[in-house]
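Q: Spelled out from the first residue to the last, the chains are:
Protein chains: 2
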Amino acid sequence: MPTSKSDLDAYFDANAERVRGELFDFLRIPSVSAKSEHDLDTARAAEWVASSLRAAGLVASLHETPGHPIVVGEWRKAAAGAPTVLIYGHYDVQPAEPLDLWTSPPFEPTVRDGNVYARGSVDDKGQLFLHVKALESLLAVHGTLPVNVIVVAEGEEEVGSVNLENFIEANREMLAADAVVISDSAMFAPGMPSILSSLRGLAYFQIDVQGAKGDLHSGSYGGAVANPAMALARILATFHDADGRIAIPGFYDSVLPWPDHVREQMRGLPFNEEEYIADLAVPALGGEKGYTTLERTWIRPTCEVNGLLSGYTGEGAKTVLPAKAMAKVSCRLVPGQDPQQIERLMEAHVKAVAPRGVTVTVNHLHGGRPWRAELGGPIYDAAKTALTAAFGREPVIVGEGGSIPVVGDFERILGAPVLLVGFGLPGENAHAPDEWMSLENFDKGMRAMAALWGEYAKEKARGE
Amino acid sequence: MPTSKSDLDAYFDANAERVRGELFDFLRIPSVSAKSEHDLDTARAAEWVASSLRAAGLVASLHETPGHPIVVGEWRKAAAGAPTVLIYGHYDVQPAEPLDLWTSPPFEPTVRDGNVYARGSVDDKGQLFLHVKALESLLAVHGTLPVNVIVVAEGEEEVGSVNLENFIEANREMLAADAVVISDSAMFAPGMPSILSSLRGLAYFQIDVQGAKGDLHSGSYGGAVANPAMALARILATFHDADGRIAIPGFYDSVLPWPDHVREQMRGLPFNEEEYIADLAVPALGGEKGYTTLERTWIRPTCEVNGLLSGYTGEGAKTVLPAKAMAKVSCRLVPGQDPQQIERLMEAHVKAVAPRGVTVTVNHLHGGRPWRAELGGPIYDAAKTALTAAFGREPVIVGEGGSIPVVGDFERILGAPVLLVGFGLPGENAHAPDEWMSLENFDKGMRAMAALWGEYAKEKARGE
Numbered sequence: 001m002p003t004s005k006s007d008l009d010a011y012f013d014a015n016a017e018r019v020r021g022e023l024f025d026f027l028r029i030p031s032v033s034a035k036s037e038h039d040l041d042t043a044r045a046a047e048w049v050a051s052s053l054r055a056a057g058l059v060a061s062l063h064e065t066p067g068h069p070i071v072v073g074e075w076r077k078a079a080a081g082a083p084t085v086l087i088y089g090h091y092d093v094q095p096a097e098p099l100d101l102w103t104s105p106p107f108e109p110t111v112r113d114g115n116v117y118a119r120g121s122v123d124d125k126g127q128l129f130l131h132v133k134a135l136e137s138l139l140a141v142h143g144t145l146p147v148n149v150i151v152v153a154e155g156e157e158e159v160g161s162v163n164l165e166n167f168i169e170a171n172r173e174m175l176a177a178d179a180v181v182i183s184d185s186a187m188f189a190p191g192m193p194s195i196l197s198s199l200r201g202l203a204y205f206q207i208d209v210q211g212a213k214g215d216l217h218s219g220s221y222g223g224a225v226a227n228p229a230m231a232l233a234r235i236l237a238t239f240h241d242a243d244g245r246i247a248i249p250g251f252y253d254s255v256l257p258w259p260d261h262v263r264e265q266m267r268g269l270p271f272n273e274e275e276y277i278a279d280l281a282v283p284a285l286g287g288e289k290g291y292t293t294l295e296r297t298w299i300r301p302t303c304e305v306n307g308l309l310s311g312y313t314g315e316g317a318k319t320v321l322p323a324k325a326m327a328k329v330s331c332r333l334v335p336g337q338d339p340q341q342i343e344r345l346m347e348a349h350v351k352a353v354a355p356r357g358v359t360v361t362v363n364h365l366h367g368g369r370p371w372r373a374e375l376g377g378p379i380y381d382a383a384k385t386a387l388t389a390a391f392g393r394e395p396v397i398v399g400e401g402g403s404i405p406v407v408g409d410f411e412r413i414l415g416a417p418v419l420l421v422g423f424g425l426p427g428e429n430a431h432a433p434d435e436w437m438s439l440e441n442f443d444k445g446m447r448a449m450a451a452l453w454g455e456y457a458k459e460k461a462r463g464e
Numbered sequence: 001m002p003t004s005k006s007d008l009d010a011y012f013d014a015n016a017e018r019v020r021g022e023l024f025d026f027l028r029i030p031s032v033s034a035k036s037e038h039d040l041d042t043a044r045a046a047e048w049v050a051s052s053l054r055a056a057g058l059v060a061s062l063h064e065t066p067g068h069p070i071v072v073g074e075w076r077k078a079a080a081g082a083p084t085v086l087i088y089g090h091y092d093v094q095p096a097e098p099l100d101l102w103t104s105p106p107f108e109p110t111v112r113d114g115n116v117y118a119r120g121s122v123d124d125k126g127q128l129f130l131h132v133k134a135l136e137s138l139l140a141v142h143g144t145l146p147v148n149v150i151v152v153a154e155g156e157e158e159v160g161s162v163n164l165e166n167f168i169e170a171n172r173e174m175l176a177a178d179a180v181v182i183s184d185s186a187m188f189a190p191g192m193p194s195i196l197s198s199l200r201g202l203a204y205f206q207i208d209v210q211g212a213k214g215d216l217h218s219g220s221y222g223g224a225v226a227n228p229a230m231a232l233a234r235i236l237a238t239f240h241d242a243d244g245r246i247a248i249p250g251f252y253d254s255v256l257p258w259p260d261h262v263r264e265q266m267r268g269l270p271f272n273e274e275e276y277i278a279d280l281a282v283p284a285l286g287g288e289k290g291y292t293t294l295e296r297t298w299i300r301p302t303c304e305v306n307g308l309l310s311g312y313t314g315e316g317a318k319t320v321l322p323a324k325a326m327a328k329v330s331c332r333l334v335p336g337q338d339p340q341q342i343e344r345l346m347e348a349h350v351k352a353v354a355p356r357g358v359t360v361t362v363n364h365l366h367g368g369r370p371w372r373a374e375l376g377g378p379i380y381d382a383a384k385t386a387l388t389a390a391f392g393r394e395p396v397i398v399g400e401g402g403s404i405p406v407v408g409d410f411e412r413i414l415g416a417p418v419l420l421v422g423f424g425l426p427g428e429n430a431h432a433p434d435e436w437m438s439l440e441n442f443d444k445g446m447r448a449m450a451a452l453w454g455e456y457a458k459e460k461a462r463g464e
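Same order as they appear, the protein sequences are chains X and E. Quick note, the first sequence lines up with residues 1 to 464 if you use the numbering used here. Quick note, the second sequence lines up with residues 1 to 464 if you use the numbering used here.
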């Protein structure tokens, strides 16, 4: 059965208003996973997703976890030899507070300037729902799909996806797929479809410096006893050299180089540094010499102080020689680096530079591996074609400075490549008041994702 | 009328029990100047001091201030040409909390091992009272004093002597004196009478580092935006060189050198560094190369971090790139240095080393001048003789790392040398639970101070 593009487009056009109404119904459910007073709402959102999957033509089930349920939708009637894809998204949302900063109520979707404003509009209900509607449309028009499909929608992404890894591990046969597709990110700019090339990992530490057994009078003891806060400052000051390069020995040793064409493409993206500086209200940018701002946040590792505490921090003056000082320090890691390796290097370096007279301890609080996309292969090539068709231009490759641990989990446990293709936009206020999603991006994203599966089946068939 | 040493000693011996009883009555008054619920007690202590001055034979008056009154006792019947001395002390005490750490109640004087335990025993009621009793004894035995005497007892020393400077300024004629004597410090060791050679001054700053207009996500922005906490650490790390010397340009330029014999004498004091280290529970001492621990705390300036605050300081990990970072920094100053000069040097240095991408401000919160004793002249020579007679050994010269602003005020406004001679002991717990004073030191201090005035009159007469 050949795909009739015009029939599908006609279906999208004819159903646009109904689809928007359904999206708004979904957005009206305050499924705030972090707040137990919303537990019934979160449960209702899970049921709502299952119903919409069933309405689209999938078999849907709810899987209980110690927290909020995971919704699984399945359609496994593709032609023999067709690949299987897994679509991941989440139906929970961030808390809406502070409520007084919202222009319209967070759970009453409101359209302004072609964008829908609501908590969860772009993160991630809108992006999850456009996939459901793409599947529904394909099934409605063609009666079948070119691939087998598994949809996994969790309700705890905003509270750390604490039960998802176990669920994938426990259900790896049910979830077995040839590719994983996730739409929970943003495009680089309006009209510019984007594929994520990498995520940074994390190694988060607490450094504690202990001096005397208690706070001392800085007059009586100052000068003779090492000052833990000063010792901490001297330790932190060794983390970078004068060029902003991290000076912890061995830190860059396993960093994978990026192909020149990726860096060239990143350098070609329309990035307005003056606007960026003005938005942040900083006198100038900082960072590692030899890299652009985008490279510094996407493909280069960092070492940041996240917190400092020592001695007297109230108003005015107190002449205390503090007994201890604490820093929270975290390194963003890039592909090739490993949190445990960085933990060893950090600890060895801190011990090596720690001044006399204090006791320094380094605790590793939290870590996550970096991730790098393959930027090639059937799902990547298919996405390039589908996005180009829907948006009228080729996708750009972008990085992401943050971490999404679940990406690595899917890749590792299922052994399948992950495609991160999102339809948000800069300034979308995910996690902030006045979150919004472009309705044009919802529509084009839905059409692109509908086209993706046919392209993917073709790419896979070509490869075999 | 020649001084009969044996008559006076007999008087001290005969009245020891009564004097102790009176001291205990004084210590029973909870004259906690910092707490308004003790205002009546503090007023009662002022009256008590005035009564005891009158009983000794002085004319006493209470001078109201915006805070607690200042008690002045006067005896001006010395022979023509005799010098005038001013004795300063304070009748207020520190709060006693935490009460559960006291072995016996803080306002119920209790003798253990030859020491009286009570709040205010050594700081400063016991030391003020031994002067009153020395005067009383001299007047009782001889009917006269070899010097004119002014006693100034304030009730706000523990809350910063906020009204004393104005009082001295406004009453400089009434308070005009040839020498000022203060007993509010400690001897270096038991049996070792001590004269203070210097006090350190203070220049206290707050350094604020501002980055972006708000906290940022360390994943999205980390690497491209200067980190204010890291910038602050890098600034603080420039304050000292590898030898613990302060590296702020010009910092030592006006430091006065000490005579070799003073440093030699300090180096000869029986100081147990291992005990000091064990008491503090530090792995090793820190400080400036080329100086002993006593020199580092007494005669060398410092630059200390008193407080640090930035970003997330709670439990666990939060991936924030802080918008700002703050340090409280203070320099202890030594004779020759001036707080305003240090303020200029500090600000210039911080501006010079501040990294790009952040805005750094330095605020001078508080300052005080250092002070150096003359270590010579009639009052010093007289004290040496009187202390040697009472304690059976020559006094040692000791420094003090803290600041007592009132010392400089007396010297500057009255134009008179100040003698700091105290009878406390190391570990006396001034400002802490279980404050105590040695009863032997009370007795010997009283006898020494009684002998001081005759010796001083002789020294003055010799000089003219």
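Keep in mind that the hints were calculated from the coordinates and are not lab data. Heads up, some of the hints might be wrong.
It does not matter which identical chain is used: a pair holds within one copy or between any two.
Pairs of lysine-lysine residues, derived as DSSO-like cross-links and limited to a Cα-Cα distance of at most 27 Å, are as follows [claimed, not checked]:
| id | residue 1 | residue 2 |
| --- | --- | --- |
| 1 | Lys458 | Lys318 |
| 2 | Lys458 | Lys351 |
| 3 | Lys324 | Lys289 |
| 4 | Lys318 | Lys351 |
Q: Please go over all the hints and tell whether each is borne out by the structure.
A: Hints and how they fare:
1. Lys458 x Lys318: neither (72 Å within a copy, 44 Å between copies)
2. Lys458 x Lys351: neither (56 Å within a copy, 63 Å between copies)
3. Lys324 x Lys289: Between. Shortest inter-copy distance 23 Å satisfies the 27 Å Cα cut-off; intra-copy 34 Å does not.
4. Lys318 x Lys351: between (30 Å within a copy, 24 Å between copies)
Hint check: violations occur at hints 1 and 2; the rest are consistent with the structure.
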